[in-house]
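Enquirer: Respectively, the protein sequence lines represent chains A and B.
Position in the first sequence (from 1) plus 1007 gives the number in this note's numbering.
Position in the second sequence (from 1) plus 1007 gives the number in this note's numbering.
One thing to keep in mind: the hints can contain errors.
One copy or two, it doesn't matter: identical chains are merged, so the pair holds either way.
To be verified - In the DSSO-like style, the derived pairs of lysine-lysine whose C-alpha atoms are separated by at most 30 Å in a straight line are:
| no. | residue 1 | residue 2 |
| --- | --- | --- |
| 1 | Lys1309 | Lys1283 |
| 2 | Lys1309 | Lys1106 |
| 3 | Lys1309 | Lys1298 |
| 4 | Lys1106 | Lys1298 |
| 5 | Lys1283 | Lys1243 |
| 6 | Lys1118 | Lys1246 |
| 7 | Lys1047 | Lys1298 |
To be clear, the hints were calculated from the coordinates, so they are not data collected in a lab.
This one's a predicted model, so the numbers in the text were calculated from it and none came from an experiment.
2 protein chains.
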Amino acid sequence: MDEIKTNITHQQWAIGVDIGGTSTKFGLVNHRGEICYAGKLLVTGRFEEPGIFVSALHEALLPAVANIGPENLKGIGIGAPNGNIHTGCIEHAPNLPWKGVVPLADMMTRKFQVPCKLTNDANAAAAGEMMYGIARGMKDFIMLTLGTGVGSAIVSNGHIIYGHRGLAGELGHTGIRRGRLHWSTRLDGTLETYASATGIAHTARLFLEAEPTFSLLKSCRQEDITAQQVCESALKGDKLAMSVFQYTGQILGEAIANFVMFSDPQAVILFGGVTKAGQLLLNPVAEHMEKNLLPVFRNTIKILLSELPDADAAILGASALVWDSTIK
Amino acid sequence: MDEIKTNITHQQWAIGVDIGGTSTKFGLVNHRGEICYAGKLLVTGRFEEPGIFVSALHEALLPAVANIGPENLKGIGIGAPNGNIHTGCIEHAPNLPWKGVVPLADMMTRKFQVPCKLTNDANAAAAGEMMYGIARGMKDFIMLTLGTGVGSAIVSNGHIIYGHRGLAGELGHTGIRRGRLHWSTRLDGTLETYASATGIAHTARLFLEAEPTFSLLKSCRQEDITAQQVCESALKGDKLAMSVFQYTGQILGEAIANFVMFSDPQAVILFGGVTKAGQLLLNPVAEHMEKNLLPVFRNTIKILLSELPDADAAILGASALVWDSTIK
C-alpha cells in the first residue's frame, strides 16, 4: 500500500460502487486492482431517496478524491440489482428502497462530473474477473454468482453480452427441472430454486423430511436451516448434508452443460457463498456437466472458482467497468 | 433479372455455397441478395475427396465468374455441417463423405484466388436473415432451424456468437425434458429429440400407440410416419396430429424461454420444414415461451418465420458471410 500511496497522484483512479439490498460498498481502485481508499459501508435501506444516497456517496468520497487529485479520477462504475448498462438506470429493483426507474448513472455523473457506467452485479463481477481476477486473458466465459439468488454474466469474444434491452444473462431463471416453484417469480423448476443458498436450504429440508437417518442438521429447527449450516455439516462429513450438495451439483452441472452449448466458453467461473462447499459441489457439477455435453465439448470446459478476495470483489468488479473501453 | 444482367460487370459478387449431406447448392449473389447464377446441384456424396469437390465447383463456376469479370468476385461464403469459422475447416461432419478435419476454406481460396469464409449452416442462415431477410436491421436475435435436426445461431449486438472454439449455438442439444434419449448422441431429453422433424414423427408414433381414437395417421405404417405427414394431417384438422404440434410447441416454447433469458434478443426466427405447420406450432410456442419467461421479458419477444425463399435461402445465407465485415 505504501507504494500506491507514494504514486497516488501520478495515476488514474476509478470509483467502484456496489449497491446491495443490505449495504453499499465503495472505494477508489486503480487499473491494477489496487484499492487506495475503501469507504465505510452505507446501509442502503436508510436512503429513501436516491438523490440523498448520491449526496452521501459524494460527501464520503470527497476527501479521498481530493487526495488523489480530482484530475486523476477517470470515472465511476456501479454494480446494482437490475442495473441496466444501456439506460444507466436501476429498473424496478425489488430489494432496493427506490421504486420504479432510477437514472442513477446520470445522477452520479452530474454530482461527480465524471462518466459513470452502471450494470447489474453479476456483469460487474464478470468485468472484475476479466480485469483483475481469474478470467484475465479470457475472451469467452460464463460467470455464475451463487448467493441468496443465482446471478450470471456471459462474456463472448471479450464482450459482456448485454442483449437488446440490457437484460441478458438471467440464467438463474432458466428452467432446468420441473417440480419446484420459485418463491417469488412462480416459474417452475428454474436453476435458482435449486442452486441458490435459498434452494440448498430448501433441498436440505426436503431431504430431512424424507430421510430418517442421523444428521447433524436434525439439531436445527427445520425452518431455520441455512445453506451455510448445510455446508458446514457437509464439510464435517455429514452424509445427508453431503447428499444435498451432490444433488445441487448434479442440477447445476446439467444447467451449465446447456449454457456451454449456447456460447462455447473456455471456462465457467463460480462465485459466492455456496461455493464454500468446494469439491463437494464441484465434483458433481463437473461430472453432470460432462455427461450432458455433446462429445465435441467434453473435457474442454474449466470449472473455476473466483480468486478475487470476498471483501473487495464487489468494489473491484464495479470499478472494472470504468477501464473497459468496450462498454460505451 | 434483366436489370441485374445489364449491370452485371459493374458490381461485386459473392459465391455462396451450401454443403448438405445430400446435395450442394451454389450460386453468385450480389449484396442485395440478387442471384445472377445458380449452379446445378452437386451430389455431395459422389465426391470422395474434398479436392475433387473443390475442382468440380471451380469448373462449374468458371464460366459464370468470367461473365461477371473475375475482378468483381469479392469472395466465397460456405455453409457446411460442422463448419468452423475460426479454422475454416469442416470438422468431423458425420453426414459428409470427408472424414476428419477438412481445411475447405483454404482449399477454396487457393483454387479461386479470393478470400473464403466458412461456418455451419445455421450461422450462415442467420447471416442471410441479417443481410437479406427478416432480421435486416436487427442486432439481437436467435435463429432456430427446425429440420431433420435442430440447428441454431445466436446474434448479439450485430455479431454471430461463435464461441471460444467456434462451436457456440448447439441449442438443439440443450436439455429441456428428461425421458427421451437422442438417437445419435444418447443425451437425455434434448430439444432436438422433440422439435426436429425426426422428433415430431417419434411423438406422433407415441401418441398413436397411446390413443385409440381415429386419426388420419392410422392409415400409415407407424414406422414410416414422417413429420410432413403429421403436418398435413394436422392442417386437415386431424385431432391427434394437431395435439402432436401442441406438445412440440409447448416444449419448443419452454426451450425458447431459456434462450431468451440467456441473450435477451428482439426476436426468435424459425426456419425449416417443421414451420410449415404455421399457427398450429407457433401458438403453443408463444404461449409456453411467455409462461416460462421472467415478467420483465414478457410480451417483448417476436417469434418470426424466415422470409427467405426456401430454394435460395441456403445460397443467400452462405454468400452473406462475404459481405459481413465483422467476420474475420
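Enquirer: Run every hint past the structure and note whether it holds.
Expert: Evaluation of the provided hints:
1. Lys1309 / Lys1283: Intra 18 Å, inter 41 Å, cutoff 30 Å: intra-copy only.
2. Lys1309 / Lys1106: So Lys1309 and Lys1106 pass the 30 Å test across copies only (28 Å; inside, 39 Å).
3. Lys1309 / Lys1298: Within one copy, since 15 Å is at most 30 Å while 33 Å is not.
4. Lys1106 / Lys1298: Between. Shortest inter-copy distance 25 Å satisfies the 30 Å Cα cut-off; intra-copy 44 Å does not.
5. Lys1283 / Lys1243: within (13 Å within a copy, 58 Å between copies)
6. Lys1118 / Lys1246: Neither. Shortest intra-copy (55 Å) and inter-copy (65 Å) distances fail the 30 Å Cα cut-off.
7. Lys1047 / Lys1298: neither (46 Å within a copy, 43 Å between copies)
When each numbered hint is compared with the structure, violations occur for hints 6 and 7.
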